[in-house]
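K.L.:
Chains A and B, in that order, give the protein sequences. FYI, this note's numbering numbers position 80 of the first sequence as 75, with every residue one higher than the one before it. All you need for this note's numbering is the position in the second sequence, starting with 1, plus 920.
Errors might be hidden in some of the hints.
[Said to hold, decoys possible] One-sided excerpt, in silico: chain B residues whose CB lies under 10 Å from chain A:
1. Gly997
2. Gly1005
3. Phe1088
4. Thr1095
[As the list claims (entries may be wrong)] Not close to chain B: a few residues of chain A, all C-beta gaps over 12 Å, as computed:
5. Ile94
6. Glu152
7. Ala265
[Claimed, not checked] Just the calculated beta-carbon pair ranges, DEER-fashion:
8. Glu267(A) x Glu975(B): 27 to 35 Å
9. Met953(B) x Pro255(A): 49 to 57 Å
10. Leu977(B) x Val249(A): 31 to 39 Å
Don't read these hints as lab results, they were simulated from the structure. In this text, a Cβ means the ideal position worked out from N, Cα and C, and glycines have one as well.
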Amino acid sequence: MPGLVGEPRRILITGVSRFWGSHLARRLEEDPSVEAIVAVDTRAPLVELKRTDYVRADIRHSLIGKLLHAMDIDTVVHAGLIVDPRRASARVVHETNVIGTMNLIAACSAADSPVRKLVVKSSTAIYGSEPDDPSFWAEDMARKAPPRDTFTRDLDEVEAYVRDFRLRRPNAVVTLLRFANVLGPTHDTPFVRLFDLPVVPTIAGFDPRLQFLDEEDAVRVLERVVLEDHSGTFNVAGPGIVLLSQAVQTMGKVNLPVIPFIGSSLAMLALERIAPVGFSPHLLRLLQYGRVVDTGALCARLGDVVQHSSAETVQAHARNRRVRDIVRAEPAYQYEAELEEFLRARRPAGNGHAPAAMPAPTRPVRRRRKPRRAPAQS
Amino acid sequence: MTQQAVGRAGSNGHRRTPSRLERMRKELPMTAMSATGSLAMRLREMTGRDVIDLESLQEIVSFGYRAAEVRSAHSRGNYDVDDFGFDREFTNALVPLFRLLYKKYWRVETSGLEHVPSSGAALLVSNHSGVLPFDGAMIEVAVLDAVDRYTRALIASWFGGLPMLSWFLRRTGQTLGHPDDSVRLLRKGELVLVFPEGVRGTGKPFSERYRLRRFGRGGFVEVALRAGAPIIPISVVGSEEIYPMIGDLQLVARLFGMPYFPVTPTWPWLGPLGLIPLPSKWRIRFHEPIRTDEYDAGAAADPSVVMRISDTVRDRIQYGLVEELMERRSVFRG
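In isolation and in its complexed conformation, chain A is listed as follows (with noise of 0.2 Å):
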């Protein structure tokens, strides 16, 4: 299918404050051939972001019509599925991922609604775990098990939804990407903290085949069927599997099976106490009997746009860790922030389209302003 490159996109993104969006609408940003990128999330961007228009809206609400059709948008693309259970706390997550994609829905199937793509980052968690499990997951296949925690249970909602708009809307371009756990030197998963711990705590008898999948493969990915036209599912994950007894030592750390089998998720919650990894039960159950996904329509459609695969991905992060304390990138960003906020507020206004943005400033960048904007004027 012939991607529609060189045509004026304008995009909306949820879940900007958070490694998704974020990571996607900075890579927009590079292509001059999107007009615009509206992001919408309740929280500041995670990165900065140069000519995003960011909108502190909460997709809970059904204004997000209105603003789908005040911009004009013809890509929504929903990163804003709240994957990780120590982000936010049981209810908010319920609701952003469930509710907030219905809504965005409902507003994006709407008769007279501009939208005409819809890309929607779910899981591979929507597979399950279960013991019995067949050795690869096709996009086709569904688990036979009820739905074991609540989480799985929304995904499953989720992707009715996506379902339901493709019926709705079947001109429409509709992407579904379940993504495997991500690692990356940015990216803060359970994965991630997990594998920080000196110690790994893992499920005693048990060693699972996991994936892994490189964050910059991740957002690689998200960007090349935002701006191509895949419709479709995918699984997206690194190629190959890494056995979770190697990747914790390839992590240099050292390998504890003290979980029980049975009882497990009780013993996690003692654990947590000693280590707040934020495993919620279908990481536990992941932990237990592994998932692997094929990634064969991924890469027929795509190409090998994952370059990295599960076992690299693990080296890579393995090598970032070892100088994490060394090279820290988060205070840099603070600075850039101030200055952005600086040139904006500098900058001759009626350039492009009005900012609908309010540029959610922080109380410490304001009382720095006035020292920087001296040498500025000199």
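Dock chain B against chain A, hints included.
P.N.:
Then chain B, alone, in the frame of chain A:
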């Protein structure tokens, strides 16, 4: 320069004590081997027959060596597993132990190995018996020694939920018997071993030994047809006698979620000792391949074709069993 010299001397001095220990540890297998060798000679002179078997000794030593090698290589996570979780080095380290069982314990006599292709896919289909799946391991050793290929056995999904066994079986190349997985393995050109009887075969009472159970719904034939791989029937004699199952405690089995809970003359009365299999004499016969590439694409969905091939395979295995049993004079001496 002086600093370098000092540094070198320092490191030498520092390392002196461990290095002697290390040298001793390295030479230990050789010392042990020569000592056992001379002991074997002495015993042979005294008694006039082989008391200590040098061939078995060699296998045990090679197992020790390989296990140590694999352990050091694996401690850094620096090894490859294939997509199914098969770890070749780990498996190679264990082969000497199973080869010992094959050659010395069950003294397996194998025939028809020329039917196993040295390249390309094939579906090996065998009868299944003996409570614990040692028959699979023995077929794998036979194939490995004959054509230097690893066999990928399909295991019951029940094993996936068992601690230890779940990863051990995957590490050594086994995978769950999901049809799509089997087709995937065959399309990769692997040798796939399947036991269509499944737990119905391993969990059958001793009184029904060597009588094949139902071959499922012919799922294995569908798999072979989809992949166009030949089917090689295998008859295994001897595995029925390793754990003569005289009872089945269904109540206990249900409690632990097991398909059966065997009672043998030694298990569970003798505790862990009851797990030692009896040293019966085994015979494995590989039959002529049954080709499946002559059928057209729709054959896998045609129950009449599938069931016909399934019955052919079943008959061939059953006849093979009967023929081998006619040849066998004694259960333990062959």
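K.L.:
Each of the hints needs a verdict: does it hold here or not?
P.N.:
Status of each hint after checking the structure:
no., hint, result
1, Gly997, "holds, 3 Å"
2, Gly1005, "holds, 5 Å"
3, Phe1088, "holds, 9 Å"
4, Thr1095, "holds, 5 Å"
5, Ile94, "holds, 35 Å"
6, Glu152, "holds, 27 Å"
7, Ala265, "holds, 20 Å"
8, Glu267(A) x Glu975(B): 27 to 35 Å, "violated, 54 Å"
9, Met953(B) x Pro255(A): 49 to 57 Å, "violated, 42 Å"
10, Leu977(B) x Val249(A): 31 to 39 Å, "holds, 36 Å"
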